[in-house]
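Since the structure of chain A is already known, use the hints to place chains B, C and D on it.
From first to last, the protein sequence lines are chains A, B, C and D. Quick note on numbering: the working numbering labels position 74 of the first sequence as 74, and the sequence is numbered without any gaps. Quick note on numbering: the working numbering labels position 261 of the second sequence as 261, and the sequence is numbered without any gaps. Quick note on numbering: the working numbering labels position 291 of the third sequence as 291, and the sequence is numbered without any gaps. Quick note on numbering: the working numbering labels position 284 of the fourth sequence as 284, and the sequence is numbered without any gaps.
Possibly wrong hints are sitting among the right ones.
Copies of one chain are not kept apart here, so a pair can be met inside one copy or by any two copies together.
Stated by the list, open to error - Heads up, simulated BS3-like pairs for lysine-lysine below, C-alpha to C-alpha not over 27 Å straight-line:
#	residue 1	residue 2
1	Lys204	Lys38
2	Lys136	Lys38
3	Lys204	Lys250
4	Lys250	Lys3
5	Lys69	Lys250
6	Lys168	Lys3
7	Lys168	Lys204
8	Lys227	Lys168
9	Lys107	Lys69
10	Lys139	Lys164
11	Lys69	Lys139
12	Lys250	Lys168
13	Lys250	Lys227
14	Lys139	Lys118
15	Lys92	Lys38
Worth flagging that the hints you see were computed from the coordinates, not collected in a lab.
Number of protein chains: 4
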Amino acid sequence: MIKAAIFGASGYTGLELLRILAIHPQAEVVEATSRQYKGTPVSEVFPALRGFYDELIFSDPEDLGSAAKADVAFSALPHGASQDVVPELLKKSKVIDLSADFRLRDKETYKTWYGEHKAAHLLSEAVYGLPELYRKHIKGGRLIANPGCYPTSAILALTPLAGKGLIKAGSVIIDSKSGVSGAGRGASIATSFVEVTSGFKAYKIGSHRHTPEIEQELTAAAGDGLKVRFTPHLIPVSRGILTTAYAELKDGLTQAELRDIYTEAYSNERFVRLLPEGSFPDISQVRGSNFCDIGLFIEGSRVTIVSAIDNLVKGASGQAVQNMNIMFGLDETAALFTPPLSI
Amino acid sequence: MIKAAIFGASGYTGLELLRILAIHPQAEVVEATSRQYKGTPVSEVFPALRGFYDELIFSDPEDLGSAAKADVAFSALPHGASQDVVPELLKKSKVIDLSADFRLRDKETYKTWYGEHKAAHLLSEAVYGLPELYRKHIKGGRLIANPGCYPTSAILALTPLAGKGLIKAGSVIIDSKSGVSGAGRGASIATSFVEVTSGFKAYKIGSHRHTPEIEQELTAAAGDGLKVRFTPHLIPVSRGILTTAYAELKDGLTQAELRDIYTEAYSNERFVRLLPEGSFPDISQVRGSNFCDIGLFIEGSRVTIVSAIDNLVKGASGQAVQNMNIMFGLDETAALFTPPLSI
Amino acid sequence: MIKAAIFGASGYTGLELLRILAIHPQAEVVEATSRQYKGTPVSEVFPALRGFYDELIFSDPEDLGSAAKADVAFSALPHGASQDVVPELLKKSKVIDLSADFRLRDKETYKTWYGEHKAAHLLSEAVYGLPELYRKHIKGGRLIANPGCYPTSAILALTPLAGKGLIKAGSVIIDSKSGVSGAGRGASIATSFVEVTSGFKAYKIGSHRHTPEIEQELTAAAGDGLKVRFTPHLIPVSRGILTTAYAELKDGLTQAELRDIYTEAYSNERFVRLLPEGSFPDISQVRGSNFCDIGLFIEGSRVTIVSAIDNLVKGASGQAVQNMNIMFGLDETAALFTPPLSI
Amino acid sequence: MIKAAIFGASGYTGLELLRILAIHPQAEVVEATSRQYKGTPVSEVFPALRGFYDELIFSDPEDLGSAAKADVAFSALPHGASQDVVPELLKKSKVIDLSADFRLRDKETYKTWYGEHKAAHLLSEAVYGLPELYRKHIKGGRLIANPGCYPTSAILALTPLAGKGLIKAGSVIIDSKSGVSGAGRGASIATSFVEVTSGFKAYKIGSHRHTPEIEQELTAAAGDGLKVRFTPHLIPVSRGILTTAYAELKDGLTQAELRDIYTEAYSNERFVRLLPEGSFPDISQVRGSNFCDIGLFIEGSRVTIVSAIDNLVKGASGQAVQNMNIMFGLDETAALFTPPLSI
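The shape of chain A in the complex, shown without the other chains (with noise of 0.2 Å):
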């Protein structure tokens, strides 16, 4: 059994890895720490989990020796601090970051967008942790990257024509919906039930962070800078991440050019389902899976990709999962191959 150390377990994204790996045959969790928490039992803080973790006691992160058992740590930290413990835990074990900190390659960005660097020495080793992009770095990686909820909804969009260089370049709007878990577990008014139920509106236009990671991995398959415009949503359910990019192509396609390129860069990939023609993807059909759905429309040169995932698990925590399986040479799937609760 590999052992797992969980940093941060008591956020959104940390019930997600404690609810995946209950089911994984192949791994256990042996720690979960929690500042506010420690000391309590787990399942006293996440009732659903009782019956499943009924030994495990939210330990004290500061107590950074005992993730010496984990063969592999997960840093469910918020960004700024993960970059502090995962120098300290890459000593003991391979690490997966959940946090935005080794997302970004270049010192430079990082800096632009969220202050100074406290392990920038990381930065050149760290994979970014997408399986259908990097799946062989991450088989020998140390420091993986999990990638943000956006950008995973919107490179898993994009990437099969930006690799292919057929995107003019300024054209790429994304304009993306997200539930509202992706704000974290935290008390505040702006997520309060009553606040958000009945709501709907834009944030952050063009100025959310995830706008220069999703254009770190566009730029890199397209081999030239590709720029987006960025306009995040929050709808009014727990989970999901519905992302419609609209592009501008260099020539135009017919619908079945565009579905050969879909088809030939995943066809293999277990956890991404490319819908058929006329069919979109729909958030509750991947609700609580680690599933990417994918819709494509074009006319002439202009193709509008919708594509759909749960920010909790392909977006966060089943993707760390299918990391962690690819690197420690498991089966891909274990643990995440479920259907969606799609009612």
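Chains B, C and D only, in chain A's frame:
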């Protein structure tokens, strides 16, 4: 124009007072206090109100002097805090208190459930502001204790029977379900969207502070001690309380006799709507309105009475405005007789 | 009192007309037809309205003669059905048609998107009922084609720029999101609670019938063909449309210049609320009201305009009443200037 | 591998059987019938299942011959329809019937609530499929009558007390609240998103067909007639039933004594989770799982027992799979011991 001041105006009952008074033909809000938002325009905190109170800025609650300009002061402060300012406010204006501070006539009962009272000398003067029971007292009142949301729904459901002395002691069960706005506007994990939206639960079984308020009024109606078992639940909606009240009667009644009792009680009440036989209320059908809908069911000596209100309107701010209308000799329905936003 | 008849009154736009007209000081509903519910009291079908229309019974739509008593007839019938009755109605009263039947000025465009028109001779007479653009024509109009919900949100968002000739052809993307009531009141699995409540999806990509309506009005404003890419989505809320509109301008503008253009267009409009810089609309803040909130963002020559309306009010029945007010020389805001039910 | 056939597989209990059996290590679905969708691939009707049943096509239910290949047939047909096919199915395989058709042991009671039974000769053979009560009978059973959703929640809440003979006759009140999926998958205005999403109501007061089923089992446990007052309500969520059960005991008990009774009843049950003192269940904490969470409260002789299940899992398809596991000698928890999707 009647000049109204609202103390603690940045919570949901404050917002609701502002919303209702915005269309009142004979009243205007001249002051709204908020410790948290003092100095901030009301329409910045509540963008829905943009265009209605563009000159109104939240003022400092410490600055009680400004209340001098008001004919009536609404206190939407939390219980405990309200009793600190009400004595002072009463020197200058009539007061309608939306907190629990002046609802219990018995000082000892207050102490048992809430702790020591700091203005207990006012308890005997305060009028329990349920117009259907105390209209005449409200008209002449100086200090109105606006009823709690659960009590409004429970008391309107059961007083017609209690008032006839028909209810068997010890038989009353009040199973109530409330929308999340009943918990107030504040940051907490327990009322965050993600925690609440797919849930439903009972809470404070046997210990909710609205219990003595319900018992006080049912006992007053019955002329004899009427204890109740009260179980509140949380519904994943913003607004609305549905109360399913069960009681055993001393003797059996026919459906027609039961109906006659309620018709006699409420046929002249503009805000109580007695539903036809076989129809039962739905909180959506009173949403945003001051109505209390009531449905009746009887089998032998066992009655089930179902009532529905909007907890923020008939259960709080609408009833407060109804009380203001009565106190100042206005049309009781002014600003209040509007159709529910049922969808 | 202006006498109003509502044809097809048992759908959601019918319910909404009834809700709004219930508080109109100078209008009353004298007739409401419904094929499905003829002979049934209105308050039995819509219990929320109990107390407001207690004498009103749904009448048979075949019995057009009864419309003779009305000064204005609202047709809330589906498109296709409306054109069957509007010619007859026009003989007796002014008509405000909430269907799509008279919105497109070009018969051929209508045919392409909807099929053969049965009353095409009225297309040239019909006035497109968007008061912010056509107030003078509405005032003198006999037949008003009340705008679609998506078009209202998109046109109000973009006409100030289109009207100045600033928008680059081919650059407009309209990513709209609507609440479920936009699909009408009817039994279908697709709009059932369980299917919708945890979902979010795009639909009718590139083929929604509101596309030509949006293009007609933007083109009229620009004086030149303006094609748009329009993608509607479904939000799990009852009410509200948020439109995120993207365009590229022929030349760059500063934030201040952009704001000046919108201020000029809307500063005298009571129902358009231009939000301050950095603020963006939320559908909850216009819920139940006739407002359209607009937020502006620009980077270089790329603008993102976000608008929010309640699809049933400014997107349908509220705008219809606004048109009635204009046609009959009443205060344009009568029955409409009420605060949103934001929570 | 056990071969399973599902009759009436295109409803929500059918979908849920498909979802659960997809991860069952020792069972596979070889046939799924649907009158409405015959000839259509399962994954087209239920896109969430894409990747799991890509070869499975809904077959014609008339074609009963094909069930020959199955070891077990699940009937997810509506009551009334199920009794038409079960006798035939029984000739070829074991049968687990999710309808109400074989739950009532008394033919006359069935007739009173549902009408004439067409396969009444099977009523005495059918085993009531609540494993916590009838595990041994299920093991040897040929025809399992899978319990109703409300009865599962009510019976698990009260049988420990009923079985001890502690409950006072006539004192039981069962106030239950169910998510909308309990109404099945079908087009109706009453269960449409817009009608339900902001609502909460009681329905079928005193007349719901689950009443005799609850009374049958509580009476069987008590050895004496136990009548109940049962009031179902509708919660605006997809899944979950919360039952708040009230009873008066013949004698008072302490909290500890009450707890001992439930501990004795359920300590060996993997799917019943007894919550610690002061904790009460929330439907979100059992969502998507086969658990029944139970919380206890007592004051003198008055108990309040709160139970929560997922109506589609422990209240239907999960319990059906649990019964299959028992009948075939498998691990009772196979495919079922997974953590709830609490958020």
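Hint-by-hint comparison with the structure:
In the homo-oligomer, the alpha carbons of Lys204 and Lys38 lie at most 27 Å apart only across protomers (26 Å), although the nearest pairing inside one protomer, at 34 Å, exceeds that limit. When the C-alpha separation of Lys136 and Lys38 is checked against a cutoff of 27 Å, the pair qualifies neither within a copy, at 37 Å, nor between copies, at 44 Å. For the identical chains of this complex, Lys204 and Lys250 are inter-copy neighbours only, at 25 Å across copies versus 30 Å inside a copy, given an alpha-carbon limit of 27 Å. For the identical chains of this complex, Lys250 and Lys3 are neighbours neither inside a copy (49 Å) nor across copies (53 Å), given an alpha-carbon limit of 27 Å.
Taking CA atoms no more than 27 Å apart as the test, Lys69 paired with Lys250 passes in neither setting, with 53 Å inside one copy and 55 Å between copies. Taking the shortest Cα distances, Lys168 and Lys3 never come within 27 Å of each other, neither inside one copy (46 Å) nor across copies (53 Å). In this assembly of identical chains, the alpha carbons of Lys168 and Lys204 lie at most 27 Å apart whether taken from the same copy (25 Å) or from different copies (25 Å). For a Cα distance limit of 27 Å, the shortest separation of Lys227 from Lys168 qualifies both inside one copy, at 10 Å, and across copies, at 19 Å.
Taking CA atoms no more than 27 Å apart as the test, Lys107 paired with Lys69 passes in neither setting, with 32 Å inside one copy and 60 Å between copies. Proximity of Lys139 to Lys164 under the C-alpha cut-off of 27 Å is restricted to the intra-copy arrangement: shortest distance 25 Å within a copy versus 56 Å between copies. For the identical chains of this complex, Lys69 and Lys139 are intra-copy neighbours only, at 21 Å inside a copy versus 43 Å across copies, given an alpha-carbon limit of 27 Å. Proximity of Lys250 and Lys168 under a CA criterion of 27 Å is satisfied in both settings, with 5 Å inside one chain copy and 18 Å between copies.
Proximity of Lys250 to Lys227 under the C-alpha cut-off of 27 Å is found in both arrangements, the shortest distances being 15 Å within a copy and 19 Å between copies. Taking identical chains as interchangeable, the C-alpha atoms of Lys139 and Lys118 lie at most 27 Å apart only when both belong to the same chain, with a minimum of 26 Å there against 62 Å between chains. For the homomeric pair Lys92 and Lys38, the shortest alpha-carbon distance inside one copy (22 Å) is at most 27 Å, but the shortest distance between copies (52 Å) is not.
Of the numbered hints stated above, those contradicted by the structure are hints 2, 4, 5, 6 and 9, listed in ascending order.
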